[in-house]
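Residue numbers (the numbering used here), protein chains in the order written: chain A, 376 to 620; chain B, 376 to 620; chain C, 376 to 620; chain D, 376 to 620.
Errors might be hidden in some of the hints.
The list makes no distinction among identical chains, and a pair is therefore deemed to hold if it is satisfied within one copy or across any two copies.
Here are the simulated EDC-like pairs of lysine to aspartate or glutamate, each with C-alpha atoms no more than 16 Å apart in a straight line [stated by the list, open to error]:
#1 Lys419 - Asp599
#2 Lys556 - Asp392
#3 Lys419 - Glu602
#4 Lys455 - Glu468
#5 Lys455 - Glu561
#6 Lys533 - Glu415
#7 Lys419 - Glu584
#8 Lys388 - Asp577
#9 Lys452 - Glu389
#10 Lys556 - Glu389
Rather than coming from a laboratory, the hints here were simulated on the basis of the structure.
Protein chains: 4
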Amino acid sequence: MEKTLSLAEERLKELDDRLEVMWSDILERSRFVQAVHGGEFDAKLFAIYMFETYHYTAHNARNQALVGVRALDQAPKYLKFCFHHACEETGHELMALHDVMSLGLREDSFEIPAPLPETEVLIAYLYWISGTGNPLRRLGYSYWAENVYAYVMPAIRKMQEVLGLADNQLTFFISHAEIDKEHALEVRQMLENHCRTREDWDAVRRVMETSLSLTARMIEGAYDAYERLMRGEPSPYAFLNEQLG
Amino acid sequence: MEKTLSLAEERLKELDDRLEVMWSDILERSRFVQAVHGGEFDAKLFAIYMFETYHYTAHNARNQALVGVRALDQAPKYLKFCFHHACEETGHELMALHDVMSLGLREDSFEIPAPLPETEVLIAYLYWISGTGNPLRRLGYSYWAENVYAYVMPAIRKMQEVLGLADNQLTFFISHAEIDKEHALEVRQMLENHCRTREDWDAVRRVMETSLSLTARMIEGAYDAYERLMRGEPSPYAFLNEQLG
Amino acid sequence: MEKTLSLAEERLKELDDRLEVMWSDILERSRFVQAVHGGEFDAKLFAIYMFETYHYTAHNARNQALVGVRALDQAPKYLKFCFHHACEETGHELMALHDVMSLGLREDSFEIPAPLPETEVLIAYLYWISGTGNPLRRLGYSYWAENVYAYVMPAIRKMQEVLGLADNQLTFFISHAEIDKEHALEVRQMLENHCRTREDWDAVRRVMETSLSLTARMIEGAYDAYERLMRGEPSPYAFLNEQLG
Amino acid sequence: MEKTLSLAEERLKELDDRLEVMWSDILERSRFVQAVHGGEFDAKLFAIYMFETYHYTAHNARNQALVGVRALDQAPKYLKFCFHHACEETGHELMALHDVMSLGLREDSFEIPAPLPETEVLIAYLYWISGTGNPLRRLGYSYWAENVYAYVMPAIRKMQEVLGLADNQLTFFISHAEIDKEHALEVRQMLENHCRTREDWDAVRRVMETSLSLTARMIEGAYDAYERLMRGEPSPYAFLNEQLG
Numbered sequence: 376m377e378k379t380l381s382l383a384e385e386r387l388k389e390l391d392d393r394l395e396v397m398w399s400d401i402l403e404r405s406r407f408v409q410a411v412h413g414g415e416f417d418a419k420l421f422a423i424y425m426f427e428t429y430h431y432t433a434h435n436a437r438n439q440a441l442v443g444v445r446a447l448d449q450a451p452k453y454l455k456f457c458f459h460h461a462c463e464e465t466g467h468e469l470m471a472l473h474d475v476m477s478l479g480l481r482e483d484s485f486e487i488p489a490p491l492p493e494t495e496v497l498i499a500y501l502y503w504i505s506g507t508g509n510p511l512r513r514l515g516y517s518y519w520a521e522n523v524y525a526y527v528m529p530a531i532r533k534m535q536e537v538l539g540l541a542d543n544q545l546t547f548f549i550s551h552a553e554i555d556k557e558h559a560l561e562v563r564q565m566l567e568n569h570c571r572t573r574e575d576w577d578a579v580r581r582v583m584e585t586s587l588s589l590t591a592r593m594i595e596g597a598y599d600a601y602e603r604l605m606r607g608e609p610s611p612y613a614f615l616n617e618q619l620g
Numbered sequence: 376m377e378k379t380l381s382l383a384e385e386r387l388k389e390l391d392d393r394l395e396v397m398w399s400d401i402l403e404r405s406r407f408v409q410a411v412h413g414g415e416f417d418a419k420l421f422a423i424y425m426f427e428t429y430h431y432t433a434h435n436a437r438n439q440a441l442v443g444v445r446a447l448d449q450a451p452k453y454l455k456f457c458f459h460h461a462c463e464e465t466g467h468e469l470m471a472l473h474d475v476m477s478l479g480l481r482e483d484s485f486e487i488p489a490p491l492p493e494t495e496v497l498i499a500y501l502y503w504i505s506g507t508g509n510p511l512r513r514l515g516y517s518y519w520a521e522n523v524y525a526y527v528m529p530a531i532r533k534m535q536e537v538l539g540l541a542d543n544q545l546t547f548f549i550s551h552a553e554i555d556k557e558h559a560l561e562v563r564q565m566l567e568n569h570c571r572t573r574e575d576w577d578a579v580r581r582v583m584e585t586s587l588s589l590t591a592r593m594i595e596g597a598y599d600a601y602e603r604l605m606r607g608e609p610s611p612y613a614f615l616n617e618q619l620g
Numbered sequence: 376m377e378k379t380l381s382l383a384e385e386r387l388k389e390l391d392d393r394l395e396v397m398w399s400d401i402l403e404r405s406r407f408v409q410a411v412h413g414g415e416f417d418a419k420l421f422a423i424y425m426f427e428t429y430h431y432t433a434h435n436a437r438n439q440a441l442v443g444v445r446a447l448d449q450a451p452k453y454l455k456f457c458f459h460h461a462c463e464e465t466g467h468e469l470m471a472l473h474d475v476m477s478l479g480l481r482e483d484s485f486e487i488p489a490p491l492p493e494t495e496v497l498i499a500y501l502y503w504i505s506g507t508g509n510p511l512r513r514l515g516y517s518y519w520a521e522n523v524y525a526y527v528m529p530a531i532r533k534m535q536e537v538l539g540l541a542d543n544q545l546t547f548f549i550s551h552a553e554i555d556k557e558h559a560l561e562v563r564q565m566l567e568n569h570c571r572t573r574e575d576w577d578a579v580r581r582v583m584e585t586s587l588s589l590t591a592r593m594i595e596g597a598y599d600a601y602e603r604l605m606r607g608e609p610s611p612y613a614f615l616n617e618q619l620g
Numbered sequence: 376m377e378k379t380l381s382l383a384e385e386r387l388k389e390l391d392d393r394l395e396v397m398w399s400d401i402l403e404r405s406r407f408v409q410a411v412h413g414g415e416f417d418a419k420l421f422a423i424y425m426f427e428t429y430h431y432t433a434h435n436a437r438n439q440a441l442v443g444v445r446a447l448d449q450a451p452k453y454l455k456f457c458f459h460h461a462c463e464e465t466g467h468e469l470m471a472l473h474d475v476m477s478l479g480l481r482e483d484s485f486e487i488p489a490p491l492p493e494t495e496v497l498i499a500y501l502y503w504i505s506g507t508g509n510p511l512r513r514l515g516y517s518y519w520a521e522n523v524y525a526y527v528m529p530a531i532r533k534m535q536e537v538l539g540l541a542d543n544q545l546t547f548f549i550s551h552a553e554i555d556k557e558h559a560l561e562v563r564q565m566l567e568n569h570c571r572t573r574e575d576w577d578a579v580r581r582v583m584e585t586s587l588s589l590t591a592r593m594i595e596g597a598y599d600a601y602e603r604l605m606r607g608e609p610s611p612y613a614f615l616n617e618q619l620g
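In isolation and in its complexed conformation, chain A is listed as follows (with noise of 0.2 Å):
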């Protein structure tokens, strides 16, 4: 018993440091972070990445219960975990639109952009990870995504400082980052318990890998319409500039 612990132990230390390198990678190349370091941008940089956040946030509960609906012969208790968390995610993308809305957009007087294509590319490899392939994958996505805040606070903090927001602006990063401390033991516990053999730490592994990397991608691509609106060149987020200035 302690030698299984002790390898998925080393399984998972091996998951941190490749997230270490991921992250150190991502966060040196990234144009929006360094925009954000930098104080080189404005309100509108904050609502696009809100607004894209928004988009795939909102199918997280949905991809992570398919998992349940489709592993037949997973345990029960992965299947619970499956089915609570996904309730437990459901309605999170409404926090990220109370902060995307609380910079002073005006309800009904847009509609909200459909989601850039590196969204949409995130929302479809997240269902078919979910859908398809060894039922224990997700995990690899909620595996870095439960334990971002790490990562990610320190820009998230910069744009709360240049912007002025409030805490309570920051509600999907600051609310979240409580809830995720669970969930992280949560997914920690099940990759413990559930990953058998080394094709189930391969699999979680690519998806962590892959997953992380769509989503660094998604955030270059909203820096990507930043600069587009920036340009002035058609936008569907040209509304951000009437209204937010």
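With chain A fixed as given, assemble chains B, C and D onto it according to the hints.
Frame of chain A, contents of chains B, C and D only:
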């Protein structure tokens, strides 16, 4: 507000009245129920019935969650209910399996037969109404299923008596009855809070009627399988002859 | 090779024999068929039957294609059959609609009622067996459906005679019968070429039996709806009273 | 009528212009294409590329058919196109497999590696846009995929020359190019006949752009895998070192 509630109460009353009529008809016509009350059965009928119950119950959490996976525009509270309820239903088929095995069946000495056609039709229908059409309509299934005990417990108790079963050999019915009391209230609340239109109530009523009819048919299917077994016809349940005499 | 073929032929013969018995039973018991042969019906029965036929037929191309979408490991020839057959089935529901409208119904004066519960159960089952389980098993549905004419044409011709319908008011049955001759041969060939195991044949046989039973039930459901209409009970088909007298 | 046609022609011209720009950018930046034209590659690059091509191609018939399975309200002609096209695409992955095996790989001496992450993202996206959103939008993928040869054949021919491949070792590209000429016309016709609104054309354009970008990324992913292999890093393609030297 009061008026809305009383409209909902009226609709619920209509559902209750309809259930009363349907159950009365089902219990009166059912050859299964007649055989039970006449004492003309043995443990093999209980076994077949519990195996079939095992089959459809194994899908209930999944089709319940499916509603939340696909019901894109529903209120978060209803989505949460779907996932929470799915979580609570997970693994209940194991209670049915426990009960049937407690008759003295030897594990690993047989494979559980595929569901009977009538059971598969019920399963198919529950996925269909969960995955398509009015997203509220699966509540019509829950509405009668969570309130089934008043109607079926007399026959279950009679089976218990005739077969000399202890309460812990009827966990599916006895534990379930406890759990389902709360569920029944939640389902009622969901109907009251989320059914807004005549179409909503009609969709719920229709699923209530159809899923109850298909369940009644499944029970008769189990009885038909029992009769075939007793007549010595080829049967996937032949192993019961050897093990339950 | 010869031996394999003759085994397949034996299995097909078993299916044919079973169909013979089932159809004989269905035609004998059917209140719909009895009413037709007794001449105790009018155009409204034909109309209800054709609307229900319209409903399930609209899904046939889709559930046929679904087999190919999900049957990952099947032979390309079988997959091609699934898609080709889906292509050929597309739009056949419009023949049913054409025929019922030819009775003199005024377009835009009514909405086509939702399928009756019995029809919806059939639709649900066909998606289920197409989307799950043995990928060959939908052939069991095609096997009887493409060979239905010998069994049902006497009743159809009697309806035609009593209602004074021209052949071009029966396009669904008459054109279909032509098209389906070739389909029937293809289905036979698919069964011969792709069913390899006892499990394959059993799965096909089971779907053949169950889908035929559900179709028989759908036909009785149409007759029940006709009787309710004639008794003046509330009915989604009430508009037929006004338009077909 | 003429005006509609010319509007459609205008939109198609916009798609063509956009493709021209995108391809020019892709071919210029692609490290894969640069390596090919520089002659700095060997059979292992071709092999990796063809295995990845095998992977995504195996899903093309399926995601094409999925459009018809779920696009409930589309015109029968478009549905027929979906199923017919799926039928014609079935098994094309076997051409890719034939070509790669013709390099001298020994069957049964290896398992085909799982798709690279970039390939899996492409597959995921194609199912997503086929199964959700505007039912016409998958035509945006077909639009460039059926017209790909003008852009990619120079690199393919260069590979052929450097590796000394016969035409019958390039069946995927050469036979496909023939088949796809007709498909390209059909796709064009579908767009002309079924795109009615600005939203339709936007959805098509967006899928065209995104699926082409993801394909370009897949090709670079194949090149990255080749580089890792050449650097002697751990690789699922390590067997190529042994068999293709």
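These are the hints, each one checked on the structure:
Proximity of Lys419 and Asp599 under a CA criterion of 16 Å is satisfied intra-copy only: 12 Å inside one chain copy versus 36 Å between copies. With identical chains, the CA atoms of Lys556 and Asp392 are never at most 16 Å apart, being 19 Å at best within one copy and 48 Å at best between copies. When the C-alpha separation of Lys419 and Glu602 is checked against a cutoff of 16 Å, the pair qualifies only within one copy, where the shortest distance is 10 Å, while the shortest distance between copies is 40 Å. For the identical chains of this complex, Lys455 and Glu468 are inter-copy neighbours only, at 14 Å across copies versus 22 Å inside a copy, given an alpha-carbon limit of 16 Å.
Proximity of Lys455 to Glu561 under the C-alpha cut-off of 16 Å is restricted to the intra-copy arrangement: shortest distance 12 Å within a copy versus 19 Å between copies. Only within a single protomer do Lys533 and Glu415 lie at most 16 Å apart by alpha-carbon distance; the minimum there is 11 Å, versus 46 Å between protomers. Proximity of Lys419 to Glu584 under the C-alpha cut-off of 16 Å is found in neither arrangement, the shortest distances being 29 Å within a copy and 25 Å between copies. Proximity of Lys388 to Asp577 under the C-alpha cut-off of 16 Å is restricted to the intra-copy arrangement: shortest distance 13 Å within a copy versus 45 Å between copies.
Taking the shortest Cα distances, Lys452 and Glu389 never come within 16 Å of each other, neither inside one copy (25 Å) nor across copies (38 Å). Taking identical chains as interchangeable, the C-alpha atoms of Lys556 and Glu389 are never at most 16 Å apart, the minima being 20 Å within one chain and 46 Å between chains.
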